[in-house]
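Start from the sequences and build out the full structure, keeping to the hints where you can.
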Amino acid sequence: MTEVELKLKSVEYRQTILRIIKQANAGHTGGSLSCIDILNVLYNAVLRVSPQTHSDPDRDRYIQSKGHSVEALYTVLADRGFFPAEALDTLGYYQSHFIGHPTRKVPGVEQNTGALGHGLSVGVGLALAGKKDQRDYRVYVLLGDGELAEGSSWEAAMTAAHYGLDNLVVIVDRNHLQITGRTEEVNSLEPLKAKFEAFGFAVQAVNGHAIDELVEIFNRVPFAAGKPSLVLAHTIKGKGVSFMEDTVKWHHHVPNDEEYSLALRELEAAALALRGSIQWS
Amino acid sequence: MELGQPNLEIFAETALTLARQDSHLLVVTSDSRGSGKLTSFGQLLPDQIIETGIAEQNLVGIAAGLASAGKRVFAVSPACFLTARALEQIKNDVAYSDHPVKLIGISAGVSYGALGSTHHSLHDYAALRAIHNMTIVAPADNFETRETIRAIANYPQPVYARFGKLPQYHLHPTDTAFTIGKAITVIEGSDLTFIACGETVALAVAAARVLTDEGIACRVVSMHTIKPLDEAALLAAARETRAIITVEEHSIYGGLGEACAALLMQQGVAIPFRIIGIPDEYTVTGSQMEILTHYGLSAEGLAATARQLLAVERMG
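These protein sequences, in sequence, are chains U and X.
To convert, note that position 158 of the first sequence is 365 in this note's numbering; the numbers rise steadily by one, no gaps.
To convert, note that position 197 of the second sequence is 270 in this note's numbering; the numbers rise steadily by one, no gaps.
Hints in this document: simulated from the structure, not taken from any laboratory.
Yeah, the Cβ is synthetic: ideal placement off N, Cα and C, and Gly gets one too.
Incorrect hints may appear among the rest.
Among chain X residues calculated to face chain U with C-beta under 7 Å, some are [stated by the list, open to error]: (1) Asn131; (2) Ile135; (3) Gly138; (4) Leu139; (5) Ala142; (6) Asn165; (7) Asp166; (8) Tyr169; (9) Ser170.
Encoded structure:
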């Protein structure tokens with residue numbers, strides 16, 4: 208897939224995320240929009256996993272530790288064919304498997320998450336098993352930045368480095384916002400790069416919305432032999448909809464009808480521009 | 074009765090035997106290989122032991138990841154820390170995610186004696202009973218421990234097994250049938266039934282012997298699986314004997330006793346009934362046996378409860 212095609216997918220994914228959140232009348236809008244470009248690149252250009260290989264012991268694993276951004280994950284899994292896209296319309300409905308946090312009842316989901324600070328330890332276990340079995344799969348774990356206040360994340364980080372898990376790729380969705388406000392005002396995380404380096408990770412920063420940069424950086428993992436990799440993805444919460452960007456209110460907020468149509472208009476304009484450039488290229 | 078080994082040692086021996094037969098069987102420890110009697114396991118099979126350091130949440134999360142990749146995993150840590158510090162990991166990463174991790178709570182109950190309440194696990198049955206997809210086993214003697222470990226190694230669902238570190242009397246012939254979820258009748262009797270779990274079964278047996286000399290015939294049931302409860306064994310005891318005393322090294326809240334009481338009530342069974350365990354307080358200081366004896370968990374203490382309960386039953 209070309210860069211511009213991936214960019215168009217990101218816009219379409221954003222449209223889907225908003226549509227299903229609007230329909231369910233619940234959802235973590237801001238965080239899903241901040242991590243969707245990362246998921247787009249992972250599932251369309253990086254991960255060796257598909258609906259056909261989902262039970263293959265050699266498949267790459269993706270664990271979304273920031274489980275609340277589940278709408279982004281469901282959207283990408285549907286597009287990749289893990290389940291029919293119509294299933295997205297059942298988000299939050301009575302007896303649906305499409306819950307507000309990922310569960311393994313949804314095809315393609317590797318691990319139930321939602322409580323924060325859990326995904327990295329599970330990823331460490333998967334990566335350890337891969338090393339023991341001499342399999343060449345990689346384990347990708349997406350962490351939220353606010354989530355890093357959970358001490359268990361750092362327990363897992365220590366172990367990842369201790370066992371030299373260079374088959375583990377941790378991505379931090381560094382959007383600087385959590386439900387109460389700015390991360391640096393709630394319980395400051397910085398200097399985050401230095402912290403992960405001190406914990407034994409090889410760290411690379413990236414613009415978490417630049418498709419080309421994301422593709423390039425994931426092509427370079429592991430960043431150092433014998434070390435877990437950390438991709439510090441600088442992102443904007445609510446990215447792609449002007450009035451949602453970098454605004455704490457949109458952490459867990461559903462657009463009203465007016466906001467929804469305004470958001471869709473913005474995204475449709477972005478999609479049109481990209482479609483035009485695909486036609487001309 | 075002949076004195077055997079600590080159940081802890083039987084666990085370690087059995088795990089080693091199983092691990093030698095299957096390189097995918099792993100033991101994960103949180104700086105607990107010494108207290109888990111797994112030092113020689115680590116020396117003999119260094120590739121099959123994973124150390125997380127003193128980090129129980131990490132221990133359980135990593136165990137879930139390993140199991141997700143197809144490993145057979147024993148996650149071993151003192152019961153007090155494993156089931157309190159890592160409760161959310163047990164709930165979400167293991168049970169809810171349905172990874173068949175085997176959680177091994179060592180030095181359970183008041184095994185740590187005078188080390189105090191930080192080191193006691195008197196909440197673990199209660200906490201884990203309320204978590205769906207969790208089987209809970211407390212083997213009584215060396216035989217039950219060996220059979221438990223063998224059975225759960227291949228069990229397709231998550232299991233929590235806990236035991237202590239004092240040598241245990243042999244209670245069963247080695248040809249006894251053992252199945253998870255199926256209680257074992259240790260002694261037959263028709264006057265009163267002790268339903269016990271874990272190492273308190275031996276105390277109930279000792280109490281039954283005291284009472285036999287007084288002409289009271291006690292049944293002793295080892296309810297080694299606390300969840301799912303062997304309902305048939307419990308209802309049979311209620312039908313065939315005149316009173317029931319439950320015995321556990323656990324808070325009287327939320328454990329074996331309340332599980333039995335709930336079943337009997339909902340089946341419409343009214344029978345003289347007592348729950349013997351640790352009352353709702355921070356325990357008196359002492360060794361494990363001193364603490365248990367203090368709260369009536371001894372041959373004499375249980376016999377006294379039985380006499381009292383049967384007297385009430387006769388008056389009723």
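Checked hints:
1. Asn131: holds, 4 Å
2. Ile135: holds, 4 Å
3. Gly138: Since the shortest Cβ distance to chain U is 2 Å, the answer is holds.
4. Leu139: holds, 4 Å
5. Ala142: With a closest approach of 3 Å, the Ala142/X hint holds.
6. Asn165: holds, 5 Å
7. Asp166: holds, 6 Å
8. Tyr169: holds, 5 Å
9. Ser170: Holds, because the Cβ-Cβ distance from Ser170/X to chain U comes to roughly 4 Å (cut-off 7 Å).
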